Amino acid sequence: MEKVFEVKNLQFTYRKNQIKAVNGISFDVYKGEVFGLLGPSGAGKSTTQKILTKLFKDYQGEILYLGKDLKTYNNDYYEDLGVGFELPVHFSKLTGLENMKFFSQLYKNHRDIETLLKAVGLYEDRNRMVSDYSKGMKMRLNFVRAMLNDPKILFLDEVTNGLDPKNARIIKDLIRQFKEAGGTVFLSTHLMNDVEELCDRVAFIRGGEIVEIATPRELKIRFGKRELKVEYFNNGTTSEALFELDGIGENKAFLELINTYEVETMHSGETSLDDIFIKVTGEVGNV
Amino acid sequence: MSNFGLLMKGEMLRLIKYKIIQISFVVTILWLLIIFMIGSDQAATFVPIFIFTDAALMTVLLVGASLFYEKQENTLKTLMITPSGLHAIIASKVISAIYLALQSTVIIALFANLLFAVEIRFIALIAFVIVIAFAHTAIGYTFSLFAKDFNELIAQVGAYMIVFAIPTLFYALGVFSEVFETVLMFSPTHAALLMINYTFFSSTRLVLLLIGLAYLIVVPVLLFIYIIIPKYPETAVKD
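Going down the list, the protein sequences come from chains S and L.
Per the working numbering, the first sequence starts with residue 6, numbered consecutively.
Per the working numbering, the second sequence starts with residue 423, numbered consecutively.
These are computed hints drawn from the structure, not numbers from a lab.
Hints should not be assumed to be uniformly reliable.
As the list claims (entries may be wrong) - In silico DSSO-like pairs for lysine-lysine, Cα to Cα no more than 30 Å straight-line:
#: 1; chain 1: S; residue 1: Lys13; chain 2: L; residue 2: Lys653
#: 2; chain 1: L; residue 1: Lys439; chain 2: S; residue 2: Lys143
#: 3; chain 1: L; residue 1: Lys441; chain 2: S; residue 2: Lys76
#: 4; chain 1: S; residue 1: Lys257; chain 2: S; residue 2: Lys284
#: 5; chain 1: L; residue 1: Lys441; chain 2: S; residue 2: Lys62
#: 6; chain 1: S; residue 1: Lys123; chain 2: L; residue 2: Lys493
#: 7; chain 1: L; residue 1: Lys660; chain 2: S; residue 2: Lys113
#: 8; chain 1: L; residue 1: Lys441; chain 2: S; residue 2: Lys106
#: 9; chain 1: L; residue 1: Lys439; chain 2: S; residue 2: Lys73
#: 10; chain 1: L; residue 1: Lys439; chain 2: S; residue 2: Lys98
#: 11; chain 1: L; residue 1: Lys431; chain 2: S; residue 2: Lys62
#: 12; chain 1: S; residue 1: Lys13; chain 2: L; residue 2: Lys660
#: 13; chain 1: L; residue 1: Lys653; chain 2: S; residue 2: Lys25
#: 14; chain 1: S; residue 1: Lys140; chain 2: L; residue 2: Lys493
#: 15; chain 1: S; residue 1: Lys76; chain 2: S; residue 2: Lys25
#: 16; chain 1: S; residue 1: Lys98; chain 2: L; residue 2: Lys431
#: 17; chain 1: S; residue 1: Lys171; chain 2: S; residue 2: Lys123
#: 18; chain 1: L; residue 1: Lys441; chain 2: S; residue 2: Lys25
#: 19; chain 1: S; residue 1: Lys140; chain 2: L; residue 2: Lys431
#: 20; chain 1: S; residue 1: Lys59; chain 2: L; residue 2: Lys570
#: 21; chain 1: S; residue 1: Lys73; chain 2: L; residue 2: Lys660
Claimed, not checked - So these bits of chain L aren't anywhere near chain S, every CB distance computed over 12 Å:
#: 22; residue: Tyr521
#: 23; residue: Ile548
#: 24; residue: Thr604
#: 25; residue: Val629
Unchecked claim - Quick list of simulated restraints, FRET-style, between CB atoms:
#: 26; chain 1: L; residue 1: Asn573; chain 2: S; residue 2: Gly66; range: 31 to 41 Å
#: 27; chain 1: S; residue 1: Thr276; chain 2: L; residue 2: Ile445; range: 58 to 68 Å
#: 28; chain 1: S; residue 1: Glu119; chain 2: L; residue 2: Ile647; range: 35 to 45 Å
#: 29; chain 1: L; residue 1: Ile445; chain 2: S; residue 2: Lys106; range: 17 to 27 Å
#: 30; chain 1: L; residue 1: Val640; chain 2: S; residue 2: Glu119; range: 45 to 55 Å
#: 31; chain 1: L; residue 1: Ala539; chain 2: S; residue 2: Lys106; range: 45 to 55 Å
#: 32; chain 1: L; residue 1: Val640; chain 2: S; residue 2: Asn114; range: 20 to 30 Å
#: 33; chain 1: S; residue 1: Arg133; chain 2: L; residue 2: Gly427; range: 23 to 33 Å
#: 34; chain 1: S; residue 1: Asn132; chain 2: L; residue 2: Gly427; range: 23 to 33 Å
#: 35; chain 1: L; residue 1: Ile588; chain 2: S; residue 2: Asn22; range: 56 to 66 Å
#: 36; chain 1: L; residue 1: Gly427; chain 2: S; residue 2: Asp169; range: 35 to 45 Å
#: 37; chain 1: L; residue 1: Val640; chain 2: S; residue 2: Asp81; range: 46 to 56 Å
#: 38; chain 1: S; residue 1: Ser136; chain 2: L; residue 2: Leu452; range: 20 to 30 Å
Here the structure is a predicted model, which means the values were calculated and not measured.
Glycine included, every Cβ here is placed at the ideal spot set by N, Cα and C.
With the rest of the complex left out, here is chain S (with noise of 0.2 Å):
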């Protein structure tokens, strides 16, 4: 597969304060895959991504985007790049539809505007000030910004952060027909739905490192217990039995248990996200 970024050794030190926010991190990005870096806030997910869009330049370590030292590119590099910021990024006081024109025309590529706001559900409000829009509608706006370009690699920031789960889906049915048609998704988040519903791989990154770097199938295997839980029903009441998955079609008091009781449910032990984040990071995550 072709890489689009090649990360080495990257490193960043905030001038300010001295802080060390991203530490020595090294990972690739296919192209056309979904690839989320995860960690909980001051971790260095916004960072990597700030340093990855050009916005931080004095960085240590080597990036090369399409096998070339990304600090050889110039501002058409931006030609290439669609990005949606955790935060609304618009002049509240012109209309949806004129902050997005406005924006479009700085580019050569377009797609066309009022097809971008119908499917996010703004086409009907875009004359209204973007002052006058909810969150969730700047969320939206925010998405048609980092499309208006038809981008190659889409970065995306929070993207659902503020969404109801009607607009999220929406969201995340655009993001999946995005990278169908062939774009590369640069996800940072720390919510472990998008994830499991987003990501072909993940890094999790905690104090500035990454810790894990998987596909979001081989995290579960890895960190769930190889076990099966039945919950069948005994004499009116529920009863919950565990058996362990290797070998389980020998198992004799599993198969006499399915055989005897009518089972109610039957799990295997993978782990969810969230769990891994917990585990990985140390920190609680959002489901």
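Following the hints, position chain L against chain S.
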């Protein structure tokens, strides 16, 4: 600078939508009313002070507040991830600030000239107001980039007024003797008033005029090179 024209168009739209042009126009109307009330005898004395106040002091306040507001709306950050380039972004904002200063200067100067026949070197006035607004845009930007919040910005602008603008106004009104003029030349506001006075045919020493002009070109250029351009991205990106 390929997007410069588009950025300028966006800036003008912003000035209108945020009612900055309209507010500036209302302030200009107030100046016109005051000029009308003070009459033709005093107009030649006070019109330069009004133009100076608008082009220098109002510019510092307006530019500082405007940049601070943009910082709050995170629009500085989203502009930084367009192919526009930092220099084009800053240049568009500086020129829009100069436009505002020119708008009121031209209206006030024409009013004074047509109503009270106040004599004005028009071309010099426009050229000098561009230089003065450029310098004070740089000063306003510097304040705004260092201000942690709006109160701090107001405090900085207030301190600037007390240290630089008030002595200049006292000098203009004859409170300070001419002995102080050499010291006052280190004040950007004094240099600005001196230049505007020249355009109203006041007796101005050519040497001081040239020093003032050079000062108001060199100081902002240094501010842009060493403070504003390096610090702007850092401020823009801050969450």
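The hints, checked one at a time:
1. Lys13/S x Lys653/L: Within the cut-off at roughly 27 Å; holds.
2. Lys439/L x Lys143/S: 18 Å, holds
3. Lys441/L x Lys76/S: With Cα atoms ~40 Å apart, Lys441/L and Lys76/S exceed 30 Å; violated.
4. Lys257/S x Lys284/S: 34 Å, violated
5. Lys441/L x Lys62/S: Given pair Lys441/L, Lys62/S is violated - Cα atoms ~36 Å apart, limit 30 Å.
6. Lys123/S x Lys493/L: 29 Å, holds
7. Lys660/L x Lys113/S: Given pair Lys660/L, Lys113/S holds - Cα atoms ~27 Å apart, limit 30 Å.
8. Lys441/L x Lys106/S: 20 Å, holds
9. Lys439/L x Lys73/S: 42 Å, violated
10. Lys439/L x Lys98/S: The given pair, whose Cα atoms are some 6 Å apart, holds under the 30 Å limit.
11. Lys431/L x Lys62/S: 29 Å, holds
12. Lys13/S x Lys660/L: 25 Å, holds
13. Lys653/L x Lys25/S: 20 Å, holds
14. Lys140/S x Lys493/L: 18 Å, holds
15. Lys76/S x Lys25/S: Measuring from Cα to Cα gives roughly 21 Å; hence the hint holds.
16. Lys98/S x Lys431/L: Holds: Lys98/S and Lys431/L sit about 16 Å apart, inside 30 Å.
17. Lys171/S x Lys123/S: 15 Å, holds
18. Lys441/L x Lys25/S: 43 Å, violated
19. Lys140/S x Lys431/L: Holds, because 28 Å separates the two Cα atoms, which is no more than 30 Å.
20. Lys59/S x Lys570/L: 24 Å, holds
21. Lys73/S x Lys660/L: 28 Å, holds
22. Tyr521: At roughly 18 Å from the nearest Cβ of chain S, Tyr521/L sits farther out than 12 Å, so the non-interface label holds.
23. Ile548: Answer for Ile548/L: holds, closest chain S Cβ roughly 29 Å.
24. Thr604: Thr604/L is indeed farther than 12 Å from all Cβ atoms of chain S, at 39 Å.
25. Val629: 43 Å, holds
26. Asn573/L x Gly66/S: 31 to 41 Å: 39 Å Cβ-Cβ, so the 31 to 41 Å window holds.
27. Thr276/S x Ile445/L: 58 to 68 Å: 59 Å, holds
28. Glu119/S x Ile647/L: 35 to 45 Å: 43 Å, holds
29. Ile445/L x Lys106/S: 17 to 27 Å: The hint (17 to 27 Å, Cβ to Cβ) holds, given that Ile445/L and Lys106/S are roughly 25 Å apart.
30. Val640/L x Glu119/S: 45 to 55 Å: With a Cβ separation near 49 Å, Val640/L and Glu119/S satisfy 45 to 55 Å, so the hint holds.
31. Ala539/L x Lys106/S: 45 to 55 Å: 47 Å, holds
32. Val640/L x Asn114/S: 20 to 30 Å: 42 Å, violated
33. Arg133/S x Gly427/L: 23 to 33 Å: 28 Å, holds
34. Asn132/S x Gly427/L: 23 to 33 Å: With Cβ atoms ~25 Å apart, the hint holds.
35. Ile588/L x Asn22/S: 56 to 66 Å: Given range 56 to 66 Å: violated, Cβ gap about 37 Å.
36. Gly427/L x Asp169/S: 35 to 45 Å: Taking Cβ atoms as reference, Gly427/L and Asp169/S lie about 40 Å apart, which means the hint holds.
37. Val640/L x Asp81/S: 46 to 56 Å: 34 Å, violated
38. Ser136/S x Leu452/L: 20 to 30 Å: 27 Å, holds
In summary, the numbered hints that this structure violates are 3, 4, 5, 9, 18, 32, 35, 37.
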